[in-house]
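**Student:** Sequence:
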Amino acid sequence: MKLSVTGLTKSFEDKPVLTEATYNFEKGKIYGLLGRNGAGKTTMFNCFTGNLAPDGGAVNMEMDGEPARPASFDDIGFVFTQAHLPEFMTGQEFLKFFVDINEGKIQGEVDFDSAFKLIDFSEDDRHKLIREYSHGMQNKLQILAFLILRPPVILLDEPLTSFDVVVALQIKNLIKSIKDEHIIIFSTHILPLAQDLCDEIVILHNGKLSELDAEKLHDKDFENRIMEMMAEETADV
Numbered sequence: 001m002k003l004s005v006t007g008l009t010k011s012f013e014d015k016p017v018l019t020e021a022t023y024n025f026e027k028g029k030i031y032g033l034l035g036r037n038g039a040g041k042t043t044m045f046n047c048f049t050g051n052l053a054p055d056g057g058a059v060n061m062e063m064d065g066e067p068a069r070p071a072s073f074d075d076i077g078f079v080f081t082q083a084h085l086p087e088f089m090t091g092q093e094f095l096k097f098f099v100d101i102n103e104g105k106i107q108g109e110v111d112f113d114s115a116f117k118l119i120d121f122s123e124d125d126r127h128k129l130i131r132e133y134s135h136g137m138q139n140k141l142q143i144l145a146f147l148i149l150r151p152p153v154i155l156l157d158e159p160l161t162s163f164d165v166v167v168a169l170q171i172k173n174l175i176k177s178i179k180d181e182h183i184i185i186f187s188t189h190i191l192p193l194a195q196d197l198c199d200e201i202v203i204l205h206n207g208k209l210s211e212l213d214a215e216k217l218h219d220k221d222f223e224n225r226i227m228e229m230m231a232e233e234t235a236d237v
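With the working numbering, letter number 109 in the sequence shown gets 109, and the count goes up by one each step, no holes.
Some hints here could point you the wrong way.
[Said to hold, decoys possible] For lysine-lysine, the following DSSO-like pairs were computed, each having C-alpha atoms within a straight-line distance of at most 30 Å: (1) Lys-216 x Lys-179; (2) Lys-29 x Lys-105; (3) Lys-117 x Lys-172.
Honestly, the hints are just simulated from the structure, not real lab data.
Throw the hints in and build the complete structure from the sequences for me.
**Tutor:** Okay, here's the thing in structure tokens:
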């Protein structure tokens, strides 16, 4: 399985954000997407899902044993930095609603009790209105939804910044446990997290995608190399 990004371009009011961004993401790997604030990481994710129409280029899916085709909404799950959830529902109601509307896409029966325990959600919290949830609790709920749905591609936009140390570790372990059957791409500005979790690092700078040599991921000068690449971006803008 492969997600191929070819020549992706996007501008806002004549300001280029993505300029011929090209990269192949493969199943079984966790990719860390690094870039400075405003580099276009969220814009690129929205182009992947179809929430934004790119100005040019293509995003294609190649499933195992099938020819490449344009990526569809069903191929990609996007976990936002700010959760977009119906605040008038309880967590339990939302999860049941989510499962109902995605019937046919979810394999097997969903054990809601086990699912909530997976992300350390208490019985009381499950039955509170989402509007009463903290930012971290809302993020846990949306991550849980996509862990249940298991789309081929999972995009995580700054996924762990709102969690305490214990929950962040739980989510990291969950992400690692499912990576073999998915393409997982997450944006982050926390370099130690990228080192700990990722198989590959992809840099978005000057509107283009470039790969950091995987052998350098755990080198002592990893952070310096990333900073050099970001400085190169500043100098060219």
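**Student:** If a hint holds in the structure, say so; if it does not, say that too.
**Tutor:** Evaluated hints:
no., hint, verdict
1, Lys-216 x Lys-179, "holds (21 Å)"
2, Lys-29 x Lys-105, "holds (22 Å)"
3, Lys-117 x Lys-172, "holds (15 Å)"
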